[in-house]
Structures are given as structure tokens and as C-alpha cells.
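K.L.:
Sequence:
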Amino acid sequence: MRFLHWLYPVLVFLVVMVFSATTAVADGNSELEELYAPYAKILQRFVVEKDLPGGGLVSAFNYEKALADSDTLALLNQQKANLAEFNPGSLTEQYQSIAFWLNAYNFFMIEHLLTHPLKGQLVASVWDYGGRYNPLKKHVFELALFTVGGKKYSLSAIEKDILLGSEYQRKGWKDARVHYAVNCASVGCPPLRKQLYTSINTDDLMTANTVRAFKTQRQLHIDGRTLMLSELFKWYADDFIEAAGSIRQFIKAYTDEERHPQIDQADRIGYIDYDWSLNRPENFSEFR
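No gaps in the numbering here: position 207 of the sequence shown is 207 in our numbering, and each next residue is one more.
Honestly, the hints are just simulated from the structure, not real lab data. The model shown is predicted, which means the values in this text are computed figures rather than measured ones. Every residue, glycine too, gets a C-beta built ideally from N, C-alpha and C. If a hint is listed, it holds; no wrong ones were tucked in.
Derived BS3-like pairs (lysine-lysine); straight-line CA-CA distance at most 27 Å:
1) Lys-119 / Lys-152
2) Lys-234 / Lys-137
3) Lys-80 / Lys-65
4) Lys-41 / Lys-152
5) Lys-215 / Lys-174
6) Lys-137 / Lys-160
7) Lys-174 / Lys-80
8) Lys-151 / Lys-138
9) Lys-137 / Lys-151
10) Lys-160 / Lys-252
11) Lys-252 / Lys-50
12) Lys-138 / Lys-160
13) Lys-119 / Lys-138
14) Lys-252 / Lys-171
15) Lys-138 / Lys-80
16) Lys-137 / Lys-152
Simulated DEER-style distance windows between Cβ atoms:
17) Pro-261 / Gln-217: 13 to 21 Å
18) Gly-130 / Pro-53: 36 to 44 Å
19) Glu-49 / Lys-138: 28 to 36 Å
20) Gly-172 / Ala-74: 35 to 43 Å
21) Gly-89 / Gly-172: 16 to 24 Å
22) Leu-73 / Arg-225: 45 to 53 Å
23) Thr-92 / Thr-115: 28 to 36 Å
24) Gln-262 / Thr-207: 19 to 27 Å
25) Arg-259 / Ala-84: 38 to 46 Å
Could you build the full structure based on these sequences and the hints that come with them?
P.N.:
Structure, rendered in C-alpha cells:
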């Protein structure tokens, strides 16, 4: 009886702690959903996803449809206003913070493309804005054009300085799967999803994105004795090695076990040419 007398308050305390933590996550989730409500509508209306045989996934954004929709500009402006007024420093939970910045990156990329045509036309590639071959000119990823909480950010700053930066690393939040969640609006990118990233779904969604991307020829395949990978693994090799010890170990963590012998036995790693064509449906063979 004395044991039960001691155990009861401990159990009550644990139940209260679990309930409080669950409530905090749910509250954080609701906050992000409210904050990103305009962007969520844009995703639902204009992102098209296609399931591939074998479990792969491709997606595209229907820019022409978005530009023709009378609500699009108002949704873009409302989302920009929401982010301009929001203090990201208030986000103290890991996946709430990651979700916030993933959504911000992907929204700002779409918003810029829709509101900054060149000579009245939608660009054919994000590199049409310049800077790819001229080191003296900043490219679209480097321009601090996007306002969050009264501060200007570039897409590169959001990805490299925040999501993959030193503060996230110190907190244990840095996650190489981010490379399969940010979307650079190009055919070679991992898929843009129809749903928001939230406190609740971000961990699972980043895993699903990575797993399903590796089931597409565009991201991973074996050519003879060569392991062919997206150029993401060339540009961000250090992130993948830091996460898993080696590039092959990272890939094996997100591929089916039956593929592992081929991955291990490949003599070399090669890289699939990154397709920088805009991620509109017409540019994907899967949507034709």
C-alpha cells in the first residue's frame, strides 16, 4: 500500500506532463496552420502530385492556372503580410520551427516566380533571373527579398544559415532531409507537396519525401556499376555525411533493403544532370 501511495502522484505527474506536451504541439500546429492559411490554399489549388509505380512521387506547380485565378494575388499578399509581422523567435519546438522555415522558403520561391515575370512572361527557369554564370551578380537564391518579422532574408539564408545553420546544429535540429523538403521550383528538385509542413507532420513528411524521391530515376538509379545520384549529393555532401557517416549510408537509411547490395557494390558515384527547367507540369514527362 505504501508503494501505491508513492506511485500514484508520480503517475499523475507523468500523465499531466504528457498531456501538456501533446497540447503544446497541437497548439503550435494550429498556430502554423492559421499563419500559413493563404499558402495552404495555394498549394491545394495549384500543386499537382503523381504517384509512380514502385512508390515514387513527382509533383509540379501549375503557374499558368495560378496566374489566371482571380484569388491568387490576394492570397500571396496576405501570406506575405502574415510573415512580415510574425516573430520566428517565438518558435521554440524543433519541428514547429523547421516547418515554419520550410513553408517560408517554398512560399517565397513560388511568390517570386508568380509576381516577377521577365518581359511579361513566366520564366523558363529560376536561373533566367541571372547570376548563374556571373559571379559579380547575385542570383535569385542570394537576394534578400523576403520579409519575416520585419527582417529581410534570402532563400539561401533560410536554407543554409537557418535550417542547416550553426544554431540548429547546436540545438540538434539540423537535418539533412531538409534537402528533400525545400523546393527550388525546378524539375530536378525533390517534390513540392500539396500540404503544409506542420509541427505534427514534418518529421514523417521529410522521411516520406526522401524515401519517395529515391524511388525515382531523377534522384537515384544504378547504371551498370555506377551509383547515379542527384547533384544534391555533390553540392551538399557534407550535410549527408554528417547525418549518416557517408553518402551511401544516408541513402540506405531511406531505401528498401533489397536495393542495399547494389548500392554497396557500385564501384563509383556519378551525378545526374540537374534539370533546372521550371517545375510546371509540361516540363515533366510523367504529366504529359
